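Protein sequences, first through last, are from chains P and H.
Anchor point for the first sequence: position 221 equals 221 in the working numbering, and the numbering is continuous, going up by one each time.
Anchor point for the second sequence: position 174 equals 174 in the working numbering, and the numbering is continuous, going up by one each time.
Please note that the accuracy of each hint is not assured.
Any copy, or any two copies together, can satisfy a pair, since identical chains are not distinguished.
Here are the simulated BS3-like pairs of lysine-lysine, each with C-alpha atoms no more than 27 Å apart in a straight line [what the hints assert, rightly or not]:
id, residue 1, residue 2
1, Lys97, Lys17
2, Lys299, Lys149
3, Lys308, Lys149
4, Lys97, Lys311
5, Lys17, Lys149
6, Lys17, Lys112
7, Lys271, Lys299
8, Lys231, Lys308
The hints are simulated quantities; they were obtained by calculation from the structure and are not laboratory data.
Quick caveat: nothing in here was measured; it's all calculated off a predicted structure.
2 protein chains.
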Amino acid sequence: MLDEREIVELIASRSGKLPAGYLPIGDDVAMIPPGRPGERVVLKCDMLVARTDVPPGMTWRMAARKAVAMCVSDFAAKGVRPSSFMVSIGLPRGTPKGRIVGLAAGLAEASKEWGVRLVGGDTGEADDLVVDCSMAGFARRVVRRSGAKPEEYVVTTGPFGQTAAGLRILLQGATASQEFRARAISSLYMPSPKLEAGLALSRFLSSSMDSSDGLAISLHTISEMSGIGIKVTGLPLADRLEEFAAANSVAEEELALYGGEEYEVVGTIPKDRLGVAQRVARSLGCELRIVGETTRAFKGVLFSDGRKVRKDGWVHFRSGP
Amino acid sequence: MLDEREIVELIASRSGKLPAGYLPIGDDVAMIPPGRPGERVVLKCDMLVARTDVPPGMTWRMAARKAVAMCVSDFAAKGVRPSSFMVSIGLPRGTPKGRIVGLAAGLAEASKEWGVRLVGGDTGEADDLVVDCSMAGFARRVVRRSGAKPEEYVVTTGPFGQTAAGLRILLQGATASQEFRARAISSLYMPSPKLEAGLALSRFLSSSMDSSDGLAISLHTISEMSGIGIKVTGLPLADRLEEFAAANSVAEEELALYGGEEYEVVGTIPKDRLGVAQRVARSLGCELRIVGETTRAFKGVLFSDGRKVRKDGWVHFRSGP
Numbered sequence: 001m002l003d004e005r006e007i008v009e010l011i012a013s014r015s016g017k018l019p020a021g022y023l024p025i026g027d028d029v030a031m032i033p034p035g036r037p038g039e040r041v042v043l044k045c046d047m048l049v050a051r052t053d054v055p056p057g058m059t060w061r062m063a064a065r066k067a068v069a070m071c072v073s074d075f076a077a078k079g080v081r082p083s084s085f086m087v088s089i090g091l092p093r094g095t096p097k098g099r100i101v102g103l104a105a106g107l108a109e110a111s112k113e114w115g116v117r118l119v120g121g122d123t124g125e126a127d128d129l130v131v132d133c134s135m136a137g138f139a140r141r142v143v144r145r146s147g148a149k150p151e152e153y154v155v156t157t158g159p160f161g162q163t164a165a166g167l168r169i170l171l172q173g174a175t176a177s178q179e180f181r182a183r184a185i186s187s188l189y190m191p192s193p194k195l196e197a198g199l200a201l202s203r204f205l206s207s208s209m210d211s212s213d214g215l216a217i218s219l220h221t222i223s224e225m226s227g228i229g230i231k232v233t234g235l236p237l238a239d240r241l242e243e244f245a246a247a248n249s250v251a252e253e254e255l256a257l258y259g260g261e262e263y264e265v266v267g268t269i270p271k272d273r274l275g276v277a278q279r280v281a282r283s284l285g286c287e288l289r290i291v292g293e294t295t296r297a298f299k300g301v302l303f304s305d306g307r308k309v310r311k312d313g314w315v316h317f318r319s320g321p
Numbered sequence: 001m002l003d004e005r006e007i008v009e010l011i012a013s014r015s016g017k018l019p020a021g022y023l024p025i026g027d028d029v030a031m032i033p034p035g036r037p038g039e040r041v042v043l044k045c046d047m048l049v050a051r052t053d054v055p056p057g058m059t060w061r062m063a064a065r066k067a068v069a070m071c072v073s074d075f076a077a078k079g080v081r082p083s084s085f086m087v088s089i090g091l092p093r094g095t096p097k098g099r100i101v102g103l104a105a106g107l108a109e110a111s112k113e114w115g116v117r118l119v120g121g122d123t124g125e126a127d128d129l130v131v132d133c134s135m136a137g138f139a140r141r142v143v144r145r146s147g148a149k150p151e152e153y154v155v156t157t158g159p160f161g162q163t164a165a166g167l168r169i170l171l172q173g174a175t176a177s178q179e180f181r182a183r184a185i186s187s188l189y190m191p192s193p194k195l196e197a198g199l200a201l202s203r204f205l206s207s208s209m210d211s212s213d214g215l216a217i218s219l220h221t222i223s224e225m226s227g228i229g230i231k232v233t234g235l236p237l238a239d240r241l242e243e244f245a246a247a248n249s250v251a252e253e254e255l256a257l258y259g260g261e262e263y264e265v266v267g268t269i270p271k272d273r274l275g276v277a278q279r280v281a282r283s284l285g286c287e288l289r290i291v292g293e294t295t296r297a298f299k300g301v302l303f304s305d306g307r308k309v310r311k312d313g314w315v316h317f318r319s320g321p
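Use the sequences and the hints to build the structure in full.
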């Protein structure tokens, strides 16, 4: 096994040299250039733990990329471009070098994919793989969870249910067509937060939130924090989800609302801004879909027929890399 | 057991309300006011894992405080006042509420002690308690590990060996006077990074580093990164360490150099600045001690008699909270 210093050197060497304004990796702290005048510092940490966040078959490369994706998704939902990130990595004693090379590759891949620099970190021993990503960026303001007004549309950047289906395929042997299976598993292994769409949409949204704990939790959180009700008028289902749901005797609604692991933006938008926002999203390869409408007529989250949307979400899944 | 939201609310409620310029805890990201013009952002993450960082008898309150202390110590060594921190917390399933109350109390205590605000975080399930602290501050420059010149003094803010003695008392049943035992164990349970001294001394130091991996590792790292040799002329031993060492048949040198867990600043200083730096340190209740001298006569770290200081440091200790 590599020692702590060798691990840091390996990871730093894969991530490329930092330009002027940054402190090179390997000192007690990291240092990054400031934002523009008037911009505040935006920070986020998100911890990936293998036993709950890494489904069977996911490599350490994918796990490292996912740890970064989890933070990028939060920045996307707030409309803030991330600048830099650090990682604290906990490794089981005796972790073979190949896995650490995989981790380093996943971090470098994430760094390139979302244009965010790896500037520092920490490694230590843990019972299980732990990758805690902490990310920094700059903004004058962010779109908050609490800004929704009545009579707005509730929108999202992506379809739901595919990741929950993927988990059922991996953990419970659910059946699926080859095409659906590949797509569902890929959505779990390689989550794709919509960073560019999130940045472009932020000027239209009155509230927003990352959906990784599930669509139902996101809707309930925006509803509670904004003090408005949400009427769900239609669920943005992943392609061919109905077919999968029917074949496996599960309601597609269950998969789309309560699964989690979708790294989409869920938000609210004044009705007269929807058209332009949809065009902007489409120009970035992203379909902005309507989930429902906000209202002051009731609190909470209801379907059009009056049934309650449960405040249920992501359930830990046990697995190992 | 509390759910994720209840945990976040409990911790946030103990840490006090954030003033204007900060985003309240509970959104997707944290947001903090910027530094002064020209200041860069200084970042650090440090992960505490119970099995390796929490010795027997340490409460969760102490563990949470220690997780913050680990980062504060790095900021102290760089001469940067920390502004804010986030915590990612991994908890075993079924953790009783009392322990989470302890964690929240430890974070609030650390926040007050070092004047650093808790601005956000993440919680999830893990096999073992994990507290990853990520901290932010602002500075134009930091004292680097690589800045030592030949013919300088090597200095440190504190005595060494007491924490290693404490570990031997806790883990191996080493014998000690009641006074020494209390002091040694307290130094492990309640580490005290010298933040104010580190800030004040930074203008005198040519290089510096946090000593938490042990004095020997710190000396070797400064030596390598600065490209100079270090001659160790005297070890700053904790009070009555000789007595403890003799009673337990261990060399005091072993305890002072290779133990780790001391949260002191180790650095280098031009000889003509020593006097004023010592007076400044003393005015802050801290004794600046000479460990040795830098030289271009050789590479590496040697005692005056030519023996090598091994590049050995902190050894993981297994335990549970």
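Using 27 Å as the alpha-carbon threshold, which applies to Lys17 and Lys112: within, between, both, or neither?
-> Answer is within: at 13 Å inside a copy they meet the 27 Å cutoff, but 37 Å across does not.
Have a look at Lys17 and Lys149 and pick one of within, between, both or neither, based on CA distance no larger than 27 Å.
-> between (46 Å within a copy, 25 Å between copies)
Intra- versus inter-subunit Cα pairing at 27 Å for Lys299 with Lys149 | This pair counts as within: shortest intra-copy Cα distance 13 Å, inter-copy 67 Å.
If the cutoff is 27 Å on CA atoms, where do Lys97 and Lys17 land: within, between, both or neither? Let me know, please.
-> within (22 Å within a copy, 45 Å between copies)
Go through the copies and call it for Lys271 and Lys299: within, between, both or neither, with a Cα cutoff of 27 Å.
-> Answer is within; shortest intra-copy Cα gap is 20 Å, inter-copy 70 Å.
With identical chains treated as interchangeable, where does the CA-CA distance between Lys97 and Lys311 reach 27 Å or less: within a copy, between copies, both, or neither?
-> Classified as between: cross-chain Cα gap 22 Å, same-chain 42 Å, threshold 27 Å.
When no copy is named, should Lys308 and Lys149 be tagged within, between, both, or neither for a Cα gap of at most 27 Å?
-> For Lys308 and Lys149, only the intra-copy Cα distance (20 Å) is at most 27 Å; the inter-copy one is 70 Å.
With identical chains treated as interchangeable, where does the CA-CA distance between Lys231 and Lys308 reach 27 Å or less: within a copy, between copies, both, or neither?
-> Answer is within; shortest intra-copy Cα gap is 10 Å, inter-copy 73 Å.
Hint check: no violations occur; every hint is consistent with the structure.
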